[in-house]
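Asker: Chain by chain, the residues:
2 protein chains.
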Amino acid sequence: MTKQVTLRDVAREAGVHISTASRALNPETRSMVNEDTVDRVLAMADRLGYRPHPLAQGLRKNRTMSVGMVIPDIENPLFGPLIAGAEQVLGGEGYSLLITNTDINEGQTSEVVRALVERRVDGMILATASRSDDVIVDLIESGIHMVLVNRSTEGVPVPAILGDDLTGIGLAVDHLSSLGHERIGHVAGPQHLSTGLGRHQAFLTRMQSLGLAVDPSAVEESTWYQVDPGYKAAQILLERRPDLTAIVAANDLIALGCYRAVRESGREVGTDVSITGYNDIPLLDLMQPPMTSVRVPYRQMGVEAANTLLPMMTSGSSLDRPVSIRLTPTLSIRESTAPPRS
Amino acid sequence: MTKQVTLRDVAREAGVHISTASRALNPETRSMVNEDTVDRVLAMADRLGYRPHPLAQGLRKNRTMSVGMVIPDIENPLFGPLIAGAEQVLGGEGYSLLITNTDINEGQTSEVVRALVERRVDGMILATASRSDDVIVDLIESGIHMVLVNRSTEGVPVPAILGDDLTGIGLAVDHLSSLGHERIGHVAGPQHLSTGLGRHQAFLTRMQSLGLAVDPSAVEESTWYQVDPGYKAAQILLERRPDLTAIVAANDLIALGCYRAVRESGREVGTDVSITGYNDIPLLDLMQPPMTSVRVPYRQMGVEAANTLLPMMTSGSSLDRPVSIRLTPTLSIRESTAPPRS
DNA sequence: ACCGTGCATGCAATCGTTTGTAGCAGATCG
DNA sequence: CGATCTGCTACAAACGATTGCATGCACGGT
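Protein chains in written order, with my numbering: chain A, 253 to 594; chain B, 253 to 594.
To be clear, the hints were calculated from the coordinates, so they are not data collected in a lab. Hints are not guaranteed to be accurate.
[Stated by the list, open to error] A few chain B residues that don't get close to chain A, going by computed Cβ distances all over 10 Å:
1) Glu265
2) His269
3) Leu431
4) Glu516
5) Met565
6) Thr566
7) Arg578
[Unchecked claim] Computed footprint of chain A on chain B, listed as stretches where at least three residues anywhere in the stretch have a Cβ under 8 Å from a Cβ of chain A:
8) 301-309
9) 323-329
10) 332-339
11) 347-355
Bear in mind the structure is a predicted one, so any value in this text is a computation, not a measurement. No residue lacks a Cβ here, since even glycine has one placed at the ideal position from N, Cα and C.
Please put together the full structure from these sequences, using the hints given.
Answerer: Here it is in structure tokens:
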């Protein structure tokens, strides 16, 4: 461990006072210092390989240059691009990302968040928001700068970067409708999450505007965004409504559960029953049949979240009404959707 | 932003000197302080909701309680469990994980690592090691505590937590052999990575010990651990050796590339040509056909990495010859492997 | 009465920066 | 020529904690 080069060392070697060295090094205050002196200090700092100590800096300036990111389930492939996008932007601005995973355990969120607050992160990106979320309310009171991604909470003044589920589900329903489907069902996500509810409502809305039947019996809720719960919900749905020719699933994993349920009912995905997923996670093109899915630009979502958070952390104001962004999804059409067998 | 409660406040309210409060709060030094005083301080700290300022603490104790983790490609599902495992253990000990992603760009690694070093992380977990890796050599000189995961570097005294590729590939080859396959090929991973080389050698070794032919023509290297490069390598391999009845792929994505190449050659995966993957990433059981793959306990790998790193960071010694751990894989048998069509 | 002993606490330096203020030149002006 | 200004630099006080050392006190033994 080579000895640390401190500002003191630079100042001593350059023959100036430590405070002068500090000002010379900082572009903001550099103008207060004589040019020659600046050059001397800069040269010496470079020669010694001086790096400011982030802890000392943070202590003095009351900023840690780190932001916390809370992920509900890091094993879900959806979050990779989200993290990568945020990290790219924040890293470029000198921030580090503290990533924490709550392992789906929603109760754990408050502990994890508290740990981040104690670390004095300058801001937070939350991907764990539920529609009514105490943790977020607490966080608002504590005045921490934060941005929600992917999911939102109702009635709180916090910016959120979301996918446009209305459009996304619309794309899926329109696609199925244009293929000739009329009896379309929906396996919904958890209704306590904004995505679950939003996609559900979007489904109803779009069906209605197309003049298609929207009997409540055509919708079943999956308890979680995973394959097994999706499978169980699809089983129930298919038993109740064997006449359905297509299913819009609230996410890809649920859709994969639907695949299984359809097969078990003795039918084929695509030819007998069309299925659409949501998120377009990797490898869907390699499933059998390749899955039609709504593609959400998650990497961009991470980027936008970071770009929204940055000015909040530096200007500190953030009071000018929070701006929420909805990213437009597209449809990746593959072979899990086809005209209904007439 | 409610005003910060500092040690000063606690001390003042408890009617003791700040240093006494400090000692009372710290279990290590608590014995120096009168029991009654300890109680008073603790009660007051609790009442005020005092939390030590990590930056101040870190500055003084020269520790940041943070660990850097460098991931080559965070979108690869393999790293989710790895991160989750490490975070679980480190978080429990009060450390935060700073995760950075090099986006496969190997050149970016040194910048990313330098950023972590400047942040004064207490230790690092590297998942980006190549067989000959300058970054790691530099890091050793700087005396940073670190652990390699998944991949290793040759001839450096750094602990590494790896999968046992010899056993893993052995399981795959044995399985194929026991099904009756004799003409088995290998689509290798990049040979500049320890995993690529290791699995390649393991393949040759196991084939030989089973008395099976190991002509170099039965091996083709994929330039990277992804579907497309795997597909291209498999194409070449199958064209050169159309007689192969089975392929051992160096990882799952490469194996999926093999799926495609096999199909394009007009044959069926499983029935005509058996394929094994490596890592057993999620959703493989839903591929068509479901893929036989070697399962590596990545979550445990993250846990072990953290457990190895922790004592290094606290005792600081770490000179007692680095211990490397190899985790034993298992085989998930599915339908991409079957007896050869005779 | 004196001194050593030991416990509990206070004092002050320190970690590496940043930043408000004071000081000290030389230049400018009335 | 003295007063004011300007441009640069140095001083010192923070930020919030930890920790070696000194101090104060009560107590027991002689």
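Asker: Take a quick look at Glu516 (chain B) and tell me if its Cβ sits farther than 10 Å from every Cβ on chain A, holds or violated.
Answerer: holds (14 Å)
Asker: Three residues minimum, CB to CB under 8 Å: does the stretch 323-329 of chain B make the cut for coverage by chain A? Let me know.
Answerer: As far as the stretch 323-329 of chain B goes, the hint holds, because 4 residues have Cβ atoms under 8 Å from chain A.
Asker: Using a Cβ cutoff of 8 Å, are there at least 3 residues of the stretch 301-309 of chain B near chain A, or does the coverage claim fail?
Answerer: That given contact holds, which follows from 5 residues of the stretch 301-309 of chain B lying within Cβ reach (below 8 Å) of chain A.
Asker: With d taken as the least Cβ-Cβ distance between Arg578 (chain B) and chain A, does d exceed 10 Å?
Answerer: Given a closest Cβ separation of 23 Å, the condition holds.
Asker: How about the stretch 332-339 of chain B: do at least three of its residues have a C-beta closer than 8 Å to a C-beta of chain A?
Answerer: Since three or more residues must qualify, the claim that chain A covers the stretch 332-339 of chain B holds, with 5 doing so at under 8 Å.
Asker: Taking a Cβ-to-Cβ distance below 8 Å as contact, does the stretch 347-355 of chain B have at least three residues touching chain A?
Answerer: holds (count 7)
Asker: Hey, does Met565 (chain B) actually stay past 10 Å from chain A on C-beta?
Answerer: Holds: least Cβ distance 12 Å, greater than 10 Å.
Asker: Classify the label on Thr566 (chain B) as holds or violated, using whether its beta-carbon is more than 10 Å from each beta-carbon of chain A.
Answerer: Label holds. Min Cβ-Cβ 15 Å, cutoff 10 Å.
Asker: At 10 Å, judged by beta carbons, does Glu265 (chain B) keep clear of chain A as stated?
Answerer: Per Cβ check, Glu265 (chain B) is outside 10 Å of chain A; nearest 20 Å; holds.
Asker: Non-interface claim for Leu431 (chain B): all C-beta distances to chain A beyond 10 Å?
Answerer: The assertion about Leu431 (chain B) holds, with a minimum of 22 Å to chain A.
Asker: Would His269 (chain B) pass as off the interface with chain A, using Cβ distances and a cut of 10 Å?
Answerer: holds (22 Å)
Violation of the numbered hints given earlier is absent; every hint is satisfied by the structure.
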